[in-house]
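Start from the sequences, fold in the hints, and give me the full structure.
Protein chains in written order, with full-length UniProt numbering: chain A, 1 to 240; chain B, 1 to 240.
Hint data in this document are derived by calculation from the structure and do not stem from the laboratory.
Please read all numbers here as calculations on a predicted model, not as lab measurements.
Do not rely on the hints blindly, as some may be mistaken.
Claimed, not checked - Some chain B residues near chain A, calculated using beta-carbon distances under 10 Å:
1) Ser-10
2) Ala-11
3) Leu-65
4) Asn-67
5) Ala-70
6) Ile-74
7) Ala-75
8) Ala-78
9) Leu-84
10) Arg-148
11) Leu-152
12) Met-179
13) Thr-186
14) His-192
C-beta atoms are modelled at their ideal positions from N, C-alpha and C, and glycine is treated no differently.
Protein chains: 2
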Amino acid sequence: MTEKHHHIASAFDRDLEEVQAEIMKMGGLVENAILAAADSLEARDEEMAEKVRENDRAIDELEELINDEAARIIALRAPTAIDLRLVLSVLKISANLERIGDYAKNMAKRTGILVQMAPIEGATVSLKRMARDVQLMLKDALDAYIQRDAALAMDVIHRDRDVDQLYNALFREFLTFMMEDPRNITPCMHLHFIAKNTERMGDHVTAVAEQVVYLVTGEVPDEDRKKRDVTSTDASLSED
Amino acid sequence: MTEKHHHIASAFDRDLEEVQAEIMKMGGLVENAILAAADSLEARDEEMAEKVRENDRAIDELEELINDEAARIIALRAPTAIDLRLVLSVLKISANLERIGDYAKNMAKRTGILVQMAPIEGATVSLKRMARDVQLMLKDALDAYIQRDAALAMDVIHRDRDVDQLYNALFREFLTFMMEDPRNITPCMHLHFIAKNTERMGDHVTAVAEQVVYLVTGEVPDEDRKKRDVTSTDASLSED
Numbered sequence: 001m002t003e004k005h006h007h008i009a010s011a012f013d014r015d016l017e018e019v020q021a022e023i024m025k026m027g028g029l030v031e032n033a034i035l036a037a038a039d040s041l042e043a044r045d046e047e048m049a050e051k052v053r054e055n056d057r058a059i060d061e062l063e064e065l066i067n068d069e070a071a072r073i074i075a076l077r078a079p080t081a082i083d084l085r086l087v088l089s090v091l092k093i094s095a096n097l098e099r100i101g102d103y104a105k106n107m108a109k110r111t112g113i114l115v116q117m118a119p120i121e122g123a124t125v126s127l128k129r130m131a132r133d134v135q136l137m138l139k140d141a142l143d144a145y146i147q148r149d150a151a152l153a154m155d156v157i158h159r160d161r162d163v164d165q166l167y168n169a170l171f172r173e174f175l176t177f178m179m180e181d182p183r184n185i186t187p188c189m190h191l192h193f194i195a196k197n198t199e200r201m202g203d204h205v206t207a208v209a210e211q212v213v214y215l216v217t218g219e220v221p222d223e224d225r226k227k228r229d230v231t232s233t234d235a236s237l238s239e240d
Numbered sequence: 001m002t003e004k005h006h007h008i009a010s011a012f013d014r015d016l017e018e019v020q021a022e023i024m025k026m027g028g029l030v031e032n033a034i035l036a037a038a039d040s041l042e043a044r045d046e047e048m049a050e051k052v053r054e055n056d057r058a059i060d061e062l063e064e065l066i067n068d069e070a071a072r073i074i075a076l077r078a079p080t081a082i083d084l085r086l087v088l089s090v091l092k093i094s095a096n097l098e099r100i101g102d103y104a105k106n107m108a109k110r111t112g113i114l115v116q117m118a119p120i121e122g123a124t125v126s127l128k129r130m131a132r133d134v135q136l137m138l139k140d141a142l143d144a145y146i147q148r149d150a151a152l153a154m155d156v157i158h159r160d161r162d163v164d165q166l167y168n169a170l171f172r173e174f175l176t177f178m179m180e181d182p183r184n185i186t187p188c189m190h191l192h193f194i195a196k197n198t199e200r201m202g203d204h205v206t207a208v209a210e211q212v213v214y215l216v217t218g219e220v221p222d223e224d225r226k227k228r229d230v231t232s233t234d235a236s237l238s239e240d
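Here you go:
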């Protein structure tokens, strides 16, 4: 990889590759956390959920390590222009990964509550599909980052719309369940939290992909897609 | 202020003061957005809510300006140690302010929907109290930042618990309303979103205060307070 660059300072390249490797490691842990959180919810497996909660610590520690490393690189190498942009992107990407990890942990927490309630038909299957989509988006965003592949990053950004649509469909489904039977209200509130947090994970993956586009092209992708949550503007929901 | 510092490079001090002034300006806009969003919800004032949504653009633009300025300072002045920490904190604080602004905008969006539904007794008053608490926390966090006052920042961090408690009380209240009458479900879902987002604003204010503590003391405050949302662990909610 170093050969392709045109820097004078190859020490900078080595530092950068090292911290990028930490990003990939952190990304792998977060991908696992997303899937394991959704699996434990579907399987109603309290033990697996507990593991997701425990593993979040390793993700947080990696973020701190990456922050320290990035600050060290800036202080030591005084990078400018594109090199500085590369180091600053490391900070942004790790912050987004940390938030996604937090949401996975929160999902796992709610599994502990939901196992004590009657299951809501079909909900955890839909939630797992959403989580799976987000995990695949994250995988591609990280691949796009390492390969500096703006096209793949744009693809990830577009796929976030599908996640938003899944969320909006679930929101409506939960409302229906709650109206049908008041006993569904408490579990549906928790399931809705999980859906909303998964949708937010998608937003954070999108932010990672946007960083990649910015790194490669120097341009921030179109702001269009930023209407994250149509339930707040959707007229159909105002028909009380 | 410059006199108190012991830097050689006073150009750095001037740059830093300038970007800190932008932070304060951004913070002022965000404080206004929080209050105006809560006021428009309470007054059911669609026009005021529209203004909050429009004003969010100025907040986003300030964040971009601050990001560019911070990158320029790093590239130009190559700060190290505490100076670097100061510049990096600018990036983190502006990112938190931008998120708080987004939540205020989201609150204003939901006002547009809620005015079309029957009001839920007492809810908007409680929400306004929560928003007011968060706005005062933000004001103090920004004062603590400018005055490098770790004690005031710690006070802000502790006050976030009150906001969490207000949120948890509201969560229960909304559940009760929903169970009493299915017609309350849709408005309560929106009101609950607003409560949750206000609670998240408090988390972002806390993150700003933590940056201040870190800047002044070199230590990250205790992780204890990070259990942000007890509804995901609270046994009382599992009694379906």
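Verification of the hints:
1. Nearest Cβ of chain A to the Cβ of B:Ser-10: about 19 Å, over the 10 Å cut. The hint is violated.
2. A hinted interface residue such as B:Ala-11 counts as satisfied when its beta carbon comes closer than 10 Å to some beta carbon of chain A; here the least separation is about 16 Å, so the hint is violated.
3. Violation of the interface hint for B:Leu-65 is found here, the shortest Cβ-Cβ separation to chain A being roughly 14 Å, above the 10 Å cut-off.
4. With a cut of 10 Å, the hint placing B:Asn-67 at the interface with chain A holds, because the nearest CB-to-CB distance is about 8 Å.
5. The criterion of a C-beta within 10 Å of any C-beta in chain A is met by B:Ala-70, whose closest approach is roughly 9 Å, and the hint holds.
6. The criterion of a C-beta within 10 Å of any C-beta in chain A is met by B:Ile-74, whose closest approach is roughly 6 Å, and the hint holds.
7. A cut of 10 Å between beta carbons decides the hint on B:Ala-75: the least distance to chain A is about 4 Å, and the hint holds.
8. Residue-level restraint check for B:Ala-78 holds (minimum Cβ-Cβ distance to chain A is 4 Å; threshold 10 Å).
9. Interface hint at B:Leu-84: satisfied, since its Cβ lies 5 Å from the closest Cβ of chain A, which is below the 10 Å cut-off.
10. Hint status for B:Arg-148: violated, given a least beta-carbon distance of 19 Å to chain A, over 10 Å.
11. Interface hint at B:Leu-152: violated, since its Cβ lies 25 Å from the closest Cβ of chain A, which is beyond the 10 Å cut-off.
12. With a cut of 10 Å, the hint placing B:Met-179 at the interface with chain A holds, because the nearest CB-to-CB distance is about 5 Å.
13. Annotation: B:Thr-186 was flagged as interfacial toward chain A, and the flag holds, the nearest CB pair being 5 Å apart, inside 10 Å.
14. About 8 Å separates the beta-carbon of B:His-192 from the nearest beta-carbon of chain A, less than 10 Å, and the hint is met.
Hints 1, 2, 3, 10 and 11, counting from the list given before, are not met by this structure.
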